[in-house]
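With the hints as extra help, turn the sequences into a complete structure.
As given, the protein sequences belong to chains A and B, one line each in that order.
So for the first sequence, our numbering puts the first residue at 1; every next one is plus one.
So for the second sequence, our numbering puts the first residue at 1; every next one is plus one.
These are calculated hints, taken from the structure and not from any lab test.
Note that CB positions come from ideal geometry on N, CA and C, so glycine has one too.
No incorrect hints appear here.
Now the stretches of chain A that chain B is said to cover, found in silico as 3 or more residues with beta-carbon under 8 Å: (1) 27 to 34; (2) 105 to 115; (3) 125 to 134.
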Amino acid sequence: MLTDERRPAPAAVPPPAEKVRRRRRPWPTVALFLSPALFLFALLVLTPIVVAAYASFFDWNGFGAPGNFVGLENFRRLLTDEIFVGDLRRTLLLVALSLGIQIPISLALAMLLNQPLRGRRVYRMLFFAPYVLSEVVTAVLFTMIFSPNQGLANHITQLIGLGDLGATWLADTDTVMYSLFFVISWKYFGFHTILYLAGRQSIPPELHDAAAMDGAGPWQAFRHITLPLLGPTIRISVFLSVLGTIQLFDMVWVLTGGGPIRSSETLAVTMFQEGFKRFHVGYASAISMVIFLISVTFGLLYQRFVLRRDLEGAVTTMGDQR
Amino acid sequence: MTRTRSAALHTTSLVVGAAVVVPIVFGILGGFKDNGQLFTNPFGLPDPWLPGNYLDALRSTAFWQQAANSVVIAVASTVLVVGVGAMAAYIFARFAFPGREFLFTLFAIGLMFPFAVAILPLFVLLRGMGLLGNPLGVILPQVAFGLPITIVILRSFFRTIPAEVEESAVLDGCGPFRFFWRILLPMARPALGTVSVLAVVGSWNNYLLPLIVFNDSRWWTLPLGVQQFQSQYSADTARILAYVTLAMLPSLVCYALAERQLIGGLTSGLGKG
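This is the structure:
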């Protein structure tokens, strides 16, 4: 889990096995074992990304070879494209909401589940359950829940005394992003809670015992012991949350289709619309490149400056949360 | 713990637990209602219970076809990605050769490549290879995109197996193939479990790739089927709820049966270098 990150740097002590191998001409074995992975990865991951980079400089409908070179025109158009700029703004909004609301709540719930609470095993199991459902199933379920007539959401607002707001949740440009955020949080908070719980349980109990003996209250202990020691977990959790938000597609596509009037589109949804619905493949490739550059720049900078202490320079994490 | 504090903790857990459970139970029970009941009685038990929507879905060949497709594609993807990934991880973990770090870093950076970036050229490529409408058009890209996490996790696990194990195997005349197959893989069972869970869940829930690869319904997986069902019966909420419930049942049942392994598999591997 998250505790054994601090391994010694791999380069420092080469395993003795390598010396054995080096003498025995490893090339046939290396080639044989490595080639299937290299072949698939190069053909189906690297090539498409290179092609997308290439296509982003063309006005291309996706048929035949791209011929009409337009230079940076696609990227210039992106800057003046209201939808695209809106995508960036909405991504920022979702990131801010996730970091400001979802992550703190997940952390608080993990602290709660760390208490000697009756039934906490059941709660733990419940909280994680939405994470195993697919985004599509979750989205369809919540489409029904947010439906203005038979849906559950309006009945609940009535039940807790807010009256029938008659809210249309997903069909209103003012509320759609918040409804979307609610569904995302519903599905993902348990994942972060479990991460934090694992991190919390790996803190040696002696530290909190000692703090209690010194007269530290629960808040002080949290602030000065738990929180700093959860640092690596928090950094990973934030990383995954941001990366997931940048790449968000399934949930939005099924829940709103990007609507109403394109007010909930994300970068990936706009890319999909342009590429697969309007056949502006060159333009859509430019959006792909933006997603790619944002993800990789964020990922590398984050690992360079934030995760450095935790991972000792290794480029890792679970990039894909689907 | 004081009594008020304990009560507050319990209340919070109950409220959050309810927020998780209510939508799911709404789906399950809603499938037993009709649309009139859904409107007048959204929370209560169905009265009367109407199993028609579930029976219709279970009697339709479409549902079973989609479930079978999901299983076939998930199993094939998992076997391939774990097999191919383990072979590569073995090389990265236990052989020294020039370019090793470069190649490994290439795979490791692949962790940050989103599917969405590659999906357009992937579509063009698969069309060129005649793989549209073919399950391999979903399986092979899933394997390729699953390789980074598989290799990263397995490599770090393989590195923990002491070199003495390999040395003594070599002294006993064991070649690299036999060592890999007969000794390394059996020893790596927990890590293989972890990467398999990731691969199965990833494939089972994948939507974007099947969406562009499968035009006709022959190979539709459950996520595609659910979404299609929703647009087909958009006015019939109860019917959709029954279908969604059936589609989420396999995941929930697996989760209930193997909670620890699933949580472990889906959260570990994070931060393992």
